[in-house]
Each structure stands twice: as C-alpha cells, then as structure tokens.
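> Protein chains in written order, with our numbering: chain A, 15 to 400; chain B, 15 to 400.
Calculated from the structure, these hints are not laboratory results. Watch out, some of these pointers could steer you wrong.
It does not matter which identical chain is meant; a pair holds if it fits inside one copy or across any two.
Stated by the list, open to error - Derived pair list, reagent style DSSO-like, types lysine-lysine, alpha-carbon separation capped at 30 Å:
(1) Lys16 to Lys29
(2) Lys382 to Lys223
(3) Lys173 to Lys343
(4) Lys16 to Lys396
(5) Lys76 to Lys52
(6) Lys52 to Lys195
(7) Lys323 to Lys346
(8) Lys169 to Lys77
(9) Lys86 to Lys24
(10) Lys267 to Lys29
(11) Lys369 to Lys24
(12) Lys369 to Lys346
(13) Lys143 to Lys267
(14) Lys323 to Lys369
(15) Lys169 to Lys116
(16) Lys382 to Lys77
(17) Lys260 to Lys364
(18) Lys343 to Lys86
(19) Lys116 to Lys353
2 protein chains.
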Amino acid sequence: MKLDDSSLQKFGFIKRETLGSINIDPLQTGGRLTEAAKQALVEWGDGYSVCDFCGGVLDQIKKPPIYDFVHKALPEFLDCDEARVTNGARESKFAVMHSIGKPGDWIVLDGLAHYSSYVAAERAGLNIKTVPHSGSPDYYLDPEGYATAIEEVTKESGKPPALALVTYPDGNYGNLPDARKIASVCHQYDVPLLLNGAYAVGRMPVSAKEIGADFIAGSGHKSMAASGPIGVLGVSEEYAPIVLRKSKHNKVKEVEFLGCTARGATVMTLIASFPDVVKRVRNWDQEVENARWFSARLEEMGFIQRGQKPHSHDLMFFEAPRFYEISEKVKKGRYFLYKDLKARNIHGIKSGLTKYFKLSTFGLGREKLEVVADSFEDILKKYEDI
Amino acid sequence: MKLDDSSLQKFGFIKRETLGSINIDPLQTGGRLTEAAKQALVEWGDGYSVCDFCGGVLDQIKKPPIYDFVHKALPEFLDCDEARVTNGARESKFAVMHSIGKPGDWIVLDGLAHYSSYVAAERAGLNIKTVPHSGSPDYYLDPEGYATAIEEVTKESGKPPALALVTYPDGNYGNLPDARKIASVCHQYDVPLLLNGAYAVGRMPVSAKEIGADFIAGSGHKSMAASGPIGVLGVSEEYAPIVLRKSKHNKVKEVEFLGCTARGATVMTLIASFPDVVKRVRNWDQEVENARWFSARLEEMGFIQRGQKPHSHDLMFFEAPRFYEISEKVKKGRYFLYKDLKARNIHGIKSGLTKYFKLSTFGLGREKLEVVADSFEDILKKYEDI
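Chain A extracted, bound-state conformation (with noise of 0.2 Å):
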C-alpha cells in the first residue's frame, strides 16, 4: 500500500456501529465503561502520561494513586497478597506460567479453558493435560479429575505439574466450577493453582484466599469496566518472591512484567470505574436472578439453556433448534438472526450463528434484557409459518 493521501482516507476517526446497541456479546457487557472512565480516557489518553510523576516504577506512582490502587485496594479485592496491573489476563497468566514453569514441564487445564490459556502455555513451553468435562448438557467440572490429571503427568513425566489452572467461569457455558474444591486436591499434590477469573473478577464476589488460590486472574476489558487492554494479577505470598522477582539488571524493574505493564490511560480507567465495579459485585445476586430469568423466558421459547442449571452467571449458552430450522430455509441462510436481530438494534450473537449461540445478560438489566426476550420471540413469530 503506497502512504498516498488516497490510501491513508482508510484511517484517521473511524466510526464504531456498534455504539448505541444493546450488546449482549459476553466480551462486551462487562467492559462498558462507567461515565468516570470515559472522562478518565480522555483525560490520560496521552501515550506515558501517568509517567508524568514515576520515579521509574509503574505501580509505585503516588500522584495519581496507582501505588495505593495496586499495593491497597486490589489485593483487599482480590482477596490475596500482592497484586500487579498487566495487559490482560492472558499476559498475566503467562506471567505465572512462565515463572512458575520451565520449558518441558507440565500443566492441567480444565477442560473449558480458554483458547488464550493453551497458547499462554504453549509459549511458556508447557506441556497441557486437561482435565475432561462431563460433556452436553452440563459440562460438569468433576474437582477429582484434576487428581487424576495430576496423577497422569507424574506417571509420564516422572514430576508432578508445576501448575493447574481452573477457568472460573469458562467463556463457553459459564459454569463456576468448585474451585475451592479443586484447589484443596491440587494442594494435596503441592501444585499451585491459577484462577482465570476474567469473567468473574469485576462482575462477582471472589476472593483468592476463601478459593484457595495461589494465583488469580482477572481482565480490566472483559470485566472490569475498563478500556483495554489491561488485566489484573493476585499471587500467594509464598509464590511472590518467584513471580515478581526483579531485574538483575535492574533492581525496581519486576522481569516478567517487562518493566512496566498498563503504561497509559488502561489503567487510569480501571481507577476510575473501580468504585463502581466493586459496588457492583456486591449486586451480584440481582445479576444472577436477571440471567435465570432470562434463560427461563428463552427456555419457555423453546430454546435449550446448556451447562450449569440453575444457572450462576451472566454468561450463558443456547441451543435453538428452531433458529436453526428457519436458517435452512429463509434466504438470508444463516445470516437472518444476525440481521433480524440488527434490526430491532441488538448486536453480540456472532454473525451466521443460529444453532448454537452464546451471550451475555450482564449490566443491561431487567428493561433491555426484557427487549432482547421481545425480540427473540417476535423474530420466532416472524418465520412461524417457515
């Protein structure tokens, strides 16, 4: 592409279409930020510029309070002993995984983990067994397959797992495993556990310690109403000293953090929304009784709420066989319950999904969660005679 006036019109503003819709994407919902962060955004939008004040560490800047953020208010969060601002929650499992492990090791992932956990783990060198899922309708998370699993690789590999790793809940069908549970068995092996709660830290009650925890995750973007792309990280005591472990060239820089980490206005949002989100993880069971009743109204259409039932988070996966009968025959195919759904000004259910679906009932509320159900049962009136 030659850098002509011509080609560079692509770039420059670009409009978002999306703005306005009621998003019910699962990695939309709780990411929206709260009016404090937008004002934060433009605010700090300047490249470095909460390093107007850094005596060269990121999470030691009194002014604006990042040290009291990161060193006082996350770890009470989290509920562990130290906590770090990363680029994400796979940045932060990374983090652990490639200080907690060495090339050729192993780790257990449960059986829902998130794609980006294989690769942080394929990165880090890591060996995966998983621990299998009961599979459809309940994709149930049994905690003694982590005993097997672990049980497994010190067979094979002669060393048990330097980790385990337990999505809590998993990005498909939002199931909350046992995590306390799971952990209690990995303890009973000594392999320390990562919690990847990027879809529970900023959304609901957790707390790293009551878990059992050595190590959670969390994402400002997905769940913690901040701009992206930014993560939280909560680590043990016991394991700190690895995983936070300084520079031998430099001795204030932390090495798996490369320095410094959320460097600009990511992080200035996730202050801004935090007295929100932590005021909005104590309305968690209003969440939960909103999710259940919206599954309930899909279920009376007919549709099929698969994994965990009742269910316990905003996060859920439908099955609707009649969505998928009316794709095979309406001329926009497969593309018809995007569109229609477009129309009446919904967005989040991938495009040319209609089988199988998941979304997302978080932050939107009775009102609009009442005009998405509207929506799903005029579309089903739409084609009743398809």
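Once you've looked at the hints, dock chain B against the given chain A.
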C-alpha cells in the same frame, strides 16, 4: 485497605495536573494524541470494542480496517515484510528474543540500550554481552564493536549470539548510531539484528530494509500519537515463520502474541493518528532544525549538550553546571528547577534533577521552544546573585 465509601473516594475520575503544560518529557512529546485519536478513544473506549466484528484474529478484522492497517499500511511504513501490533515496543522485543533465542543463548546489546531491552532479554533467559560506547561527551557506538562482541560470545560459548539489538536512537542522548553498518557487521556473522526504534518510528523516517534490520520495534504511546500501551513490530520474511508461528492448539492464533494483543481503543488511536503520523515524519528535517536551534540557545547560556553534535534527534541530554551550583545554595535545593519550571507551566524535567537532564523538542514548534529557552534564561537570571 477496607473498600468502603471513604477509601473508594480515592479512586474514580482523577484530574491530570500536567494537562495544558508545555511537556518536554521525551516520554510524552511523541505520544500526545491527535484530535482524531481523542475522538477514537471515546468512540472505541469500551473494553473489547474492536472485537464487535472479529472472526477470531485481531489483525484480520476488516471493519474497523485493522487488517488493512496491520497488513498493508504498517509494512509499508516500517518498510518490512510482515508487521503486527503488540502491547508496546518492549513486548515486541520480548516476542523476538523469546522466539529467536533459547534460554542460555546470548544476545548482543548496544551499551546505550534501554533498560527494557535488558529486562526482556533476562525474561527470555538470554545472556547479555554489551557493545561499549565511547563515553562522555559523545557516547559514540562503533559498529565494529558488534564484531568484537559477537566474536567474544562465540569464543566463550561455542556459538554466535542468537540475536543482536541496536537502540535507534538511544533514550538518554538521542544518538543515532550507524545502524546500517551494524546490520552489515552482524550479518557477516549470520546474526540477525533487532532495531529498537521506540524513539524513531512515528517521529522520523526509518526503513527496516534500507538499514538491513531483520526486526524493527516501535512504540505507539512513545512516538506514534497513540494511547498506550501499544507497539508495532516489523519482521523480515526470513524470520516471520518463527516469530509469527501459529499455535498447535488453535490454528489461527499466533503464539508470541498470546492470540491477540492491542484488543481495544489502543489500536484505534494508533489508526486514528496514523495519517498525521505519516505526514509528520515527512517533516522530520524541521524537527531536527528545531532541536539544533534549541541546543544552540541552551549552549549560549552555558549548558552543554552531550551526545552527537550536531544533533540529529529531538531527544537531547544536557549538562547544567550552573543549575547544579544554584541547587546547592537555594532553599528548595535540587527541587528549585522543577518548581521554577512548573511556575512557568513547563513540565518534563524530572523533579530533583539539575546537573544532568534530558528533554525532547518534538512537535512543540519554534514558538513553544522559545518559551522554554526563555524560561531557562529567566531562571538563570533569577538566581544570578547566588
């Protein structure tokens, strides 16, 4: 910290005190947002906004035009075969080091390398050999030093280093080494070269191919008028299959980027500013002229510019013996300079520094630079009897 209403008041929206100052911090001058980028921030601020139309890979998103930007515009701009967006220049460097080197291998760094190059090499498990510079006053880097360092590593470890890196320019003196010669020296030993262009890409013309660099790292928040953290990485055809290798667990995801990197507003601000960045790079001669003019004005006042002379970059290092003398006598001590500049609405020389400091003239224009130079003169006059 108990997360009650009183402690949470510390967070939320926080004002940026330095907004509106003339900021001469080298970290800030190239990262100031354009108007288009400010608009993009607000439009795309929500968490995972760019993923609204994602089919699974960030750099394949067609709408917004991330695909065209990453695969067509960026390779042209960097003059390299393949390009990616990353979470920052240091993350670009780590991705290269981690994929090209194996733990225990060696890397050759220039003696003026940024701390993050050391930390990235350490994180990748690489041993470091540095190429010495000539010290004060020039800090000259002899390209032949790379030959010596490579031969030393080969002698000591039995094989050549996995990689060499040169900082172009360095972040202390703003020196531009003869990168083309360095590339040629490295290639004589079949050692690939990574150009750290965090202070070059987006400020001045730089071509990976003309230099002969196998890899080029740039920083969005440092030098491309983007909201951070975001960086760019250019890779040659020869090394692309290694650095950009895909996951064996998820065939579309690239391992070194953990699947996706700048998954939010950061990439949209980079794209928003890109047309202006392309244009400002064409205006580099004027920037160099401004830097030289500023340097000359300060030298007339008795300051001494260290590093290359005549200087060819906006980042400059000054020795200020007179400021140091003053600091030893005035009540405010070494904080006098910071405070006197603040009173004149100038920010960016680190609080407490007087004898040596660095600054940047980039993008300020002659008028603001005159204000800064006049302020230095005023401050000298203010204390002339001390």
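> Decide, hint by hint, whether the structure agrees.
Cross-check of the supplied hints:
1. Lys16 to Lys29: Within. Shortest intra-copy distance 24 Å satisfies the 30 Å Cα cut-off; inter-copy 41 Å does not.
2. Lys382 to Lys223: So Lys382 and Lys223 fail the 30 Å test inside a copy (36 Å) and across (54 Å) alike.
3. Lys173 to Lys343: Classified as neither: same-chain Cα gap 56 Å, cross-chain 65 Å, threshold 30 Å.
4. Lys16 to Lys396: The answer is neither: 48 Å in one copy and 53 Å across copies each exceed 30 Å.
5. Lys76 to Lys52: both (22 Å within a copy, 26 Å between copies)
6. Lys52 to Lys195: Close neither inside one copy (40 Å) nor across copies (47 Å); limit 30 Å.
7. Lys323 to Lys346: Intra 33 Å, inter 67 Å, cutoff 30 Å: neither.
8. Lys169 to Lys77: Neither, since 52 Å and 49 Å both go past 30 Å.
9. Lys86 to Lys24: Close across copies (11 Å), not inside one copy (45 Å); limit 30 Å.
10. Lys267 to Lys29: For Lys267 and Lys29, only the inter-copy Cα distance (27 Å) is at most 30 Å; the intra-copy one is 39 Å.
11. Lys369 to Lys24: So Lys369 and Lys24 fail the 30 Å test inside a copy (36 Å) and across (47 Å) alike.
12. Lys369 to Lys346: Within one copy only: 15 Å inside a chain, 71 Å across chains, cut-off 30 Å.
13. Lys143 to Lys267: Result: close only across copies, 20 Å inter versus 33 Å intra.
14. Lys323 to Lys369: within (20 Å within a copy, 68 Å between copies)
15. Lys169 to Lys116: Both: 18 Å inside a chain and 28 Å across chains, each within 30 Å.
16. Lys382 to Lys77: between (39 Å within a copy, 26 Å between copies)
17. Lys260 to Lys364: between (43 Å within a copy, 24 Å between copies)
18. Lys343 to Lys86: So Lys343 and Lys86 fail the 30 Å test inside a copy (58 Å) and across (39 Å) alike.
19. Lys116 to Lys353: neither (48 Å within a copy, 49 Å between copies)
The earlier numbered hints that this structure contradicts are 2, 3, 4, 6, 7, 8, 11, 18, 19.
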